[in-house]
Amino acid sequence: MAVEDPTETPRVRIDGVGKQYDSAQGPVQALDDVTFDVEAGEFVCIVGPSGCGKTTLFRIIAGLEAPTNGTVSLDGDPVDGPGPDLGLVFQEYHLFPWRTVAGNVGFGLEKTDTVDSGERRRRVQELVDLVGLDGFEDSYPRDLSGGMKQRVALARALAVDPGLLLMDEPFGAVDAQTKKMLQDELLDIWTETGKTILFVTHDVEEAVKLADRVVVMAKEPGRVREVVDVDIERPRNRSDDAFGTHYQRLLDLIQE
Amino acid sequence: MAIDVTEEVDHTDDTVAGALADIDPQRALRGTAGLLAFVVVWWLASLAQPSYVLPSPVAVGATFYTEATSGGMLTALWNSTLHWVPGAFFGTGLGIAAGVALAWSPLLDDLTSPVVRVLRPVPPLALIGFAIAWVGINHAGAAFIIAIGAFWINFYATYGGVEGVSEDLLDVARSLGVQGDLELIKAVVLPAALPEITTGIRTGIGRCWMLVVASEIFGVAGIGRRILRASNNLQVDVVITYILVLSLMFLLVDVAFRTLQRRALAWR
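Here the protein sequences line up with chains H and R, keeping their order. This note's numbering numbers the first residue of the first sequence as 1 and each following residue consecutively. This note's numbering numbers the first residue of the second sequence as 1001 and each following residue consecutively.
The hints are simulated quantities; they were obtained by calculation from the structure and are not laboratory data. The C-beta atom is built at its ideal place from N, Cα and C for all residues, glycine as well. Treat the hints with caution; some may be incorrect.
[Unchecked claim] Derived CB-CB ranges, DEER-like:
hint : chain 1 : residue 1 : chain 2 : residue 2 : range
1    : H       : V28       : R       : S1113     : 51 to 61 Å
2    : H       : D161      : R       : G1180     : 38 to 48 Å
3    : R       : G1093     : H       : G26       : 29 to 39 Å
4    : H       : N69       : R       : S1113     : 31 to 41 Å
5    : R       : K1186     : H       : K219      : 39 to 49 Å
6    : H       : D161      : R       : L1265     : 28 to 38 Å
[Unchecked claim] Some chain H residues well away from chain R (every beta-carbon gap over 10 Å; in silico):
hint : residue
7    : G26
8    : P27
9    : E92
10   : G108
11   : K180
12   : D229
13   : D231
The shape of chain H in the complex, shown without the other chains (with noise of 0.2 Å):
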């Protein structure tokens, strides 16, 4: 749970961000005036419809836009572009298809100089084993199934240690078994390593089953409607009365 304290500098301050586009009908106000804290360690969802600018939030976010308006600091330091502070993690998985299961997740610790190449496959086995692939260390992104691909993309997204693991629908394209097992994994991940994750999801079970709290997004033009605390014990299951009544309340939040 998010820890109330005014002094602390939170892991990531989204405050007042807008974007504005041209298209041909003039502007278009895509976010208006976000503003949300993500504490240290925290599991926060962001859901919203289909065109309430989840994925522009997402990609000012991980610094692959620039806002028109507002800013985002993680840890205090504007975030100005992508870097090893952010974890992305995309639905498409993006890998490199070139490189092996170990060659992408060793890609970003082969560009800090500080690890020597013992320590880096030392530290890709960990993370080939946390995600569940050992066996598979020297197979290509062409072999692997959506669900493998996935596991790869966060253990190379978890390889440069980030502050924070951004992720954008991570498990929108697999099939409802397989995002099942990813979801109940990625929450044994998070509670091993305690990273702080942003979650964008349209899924509101999967934000209901994962999130701390969740940030409920409206679309026209896209805003915070509200956050939602869910304060349900772990491990959760959907057939508990608290889980529905969550699941009803945000349904209900989004369809307003």
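Mind docking chain R on chain H? Use the hints.
Frame of chain H; chain R shown alone:
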């Protein structure tokens, strides 16, 4: 974590199976049959012609043997290689470098695009005058002509490949700490564009063998020179012999390069 992921693997064929599939016995058989039929048609056609119009396959075979054993063929081949190698090497290298630079930098692309459009349609042969004036009637002059041919093929292949590199992969690389143009090109752009780049190299080295003939028009010794001289003397058997030499060289280099290419692109 105990997760069984084995069942999730797609068992697509690996490289060894891929290589073996290339030697399909049925295809090989048909190919041999087609080749034989071609030689038979050639032989039949040659029966009704004088040998300075179309010599028979047997006559060409005899000439091939004579040329091969007299050392004439080896000399011609060696001379052609002396400008084919540097021409292909520098043309390919510069073409790839220019393709990467212009596809990567919009500024460079804008600056050079009018010049590129003017120069592109110029056939390498039209530049023989420059080759003679700037470099001279020697291996370097012939290499210059060959290099021009290789340059454009590699330039466009690389340009297309680099343009097609996914922005998302670049974003991922940046988020993993890759900084600066050179680093991104090395870590992402070149490997991602490698299929297109190697296809360009392969097409280019084939084109270079064709340009060997053209590049020797102004008097540099080699296979092309030999073909041109034999043409003037109506020695059609010699012409065909050296055309065969060119084809065999092309085949040899192409197979060798394709093997390298397959190894480099094993991930596909």
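Status of each hint after checking the structure:
1. In this structure, H:V28 and R:S1113 break the distance hint of 51 to 61 Å, their C-beta atoms being roughly 32 Å apart.
2. Take H:D161 and R:G1180: their Cβ atoms lie about 22 Å apart, and the range 38 to 48 Å is violated.
3. For the hinted restraint 29 to 39 Å between R:G1093 and H:G26, the CB-CB distance of approximately 50 Å leaves it violated.
4. Restraint check, H:N69 to R:S1113: a C-beta distance of roughly 37 Å satisfies the suggested window 31 to 41 Å.
5. In this structure the hint that R:K1186 and H:K219 lie 39 to 49 Å apart at CB holds, the actual value being about 41 Å.
6. For the hinted restraint 28 to 38 Å between H:D161 and R:L1265, the CB-CB distance of approximately 32 Å keeps it satisfied.
7. For H:G26, the shortest C-beta to C-beta distance to chain R comes to about 27 Å, beyond the 10 Å cut-off, and the non-interface label holds.
8. Every beta carbon of chain R lies more than 10 Å from that of H:P27, the smallest distance being close to 24 Å; the non-interface claim holds.
9. The Cβ of H:E92 does not lie farther than 10 Å from every Cβ of chain R; its closest approach is about 7 Å, which violates its non-interface assignment.
10. Non-interface status of H:G108 relative to chain R is broken: a Cβ of that chain comes within 10 Å, the nearest being about 3 Å off.
11. At roughly 12 Å, the least C-beta separation between H:K180 and chain R is larger than 10 Å, which holds for a residue marked as non-interface.
12. Look at H:D229: its CB is around 28 Å from the nearest CB on chain R, clear of 10 Å, so calling it non-interface holds up.
13. Every CB of chain R is more than 10 Å from the CB of H:D231 (nearest about 27 Å), matching its label as outside the interface.
Of the hints listed earlier, those the structure fails to meet are numbers 1, 2, 3, 9, 10, in rising order.
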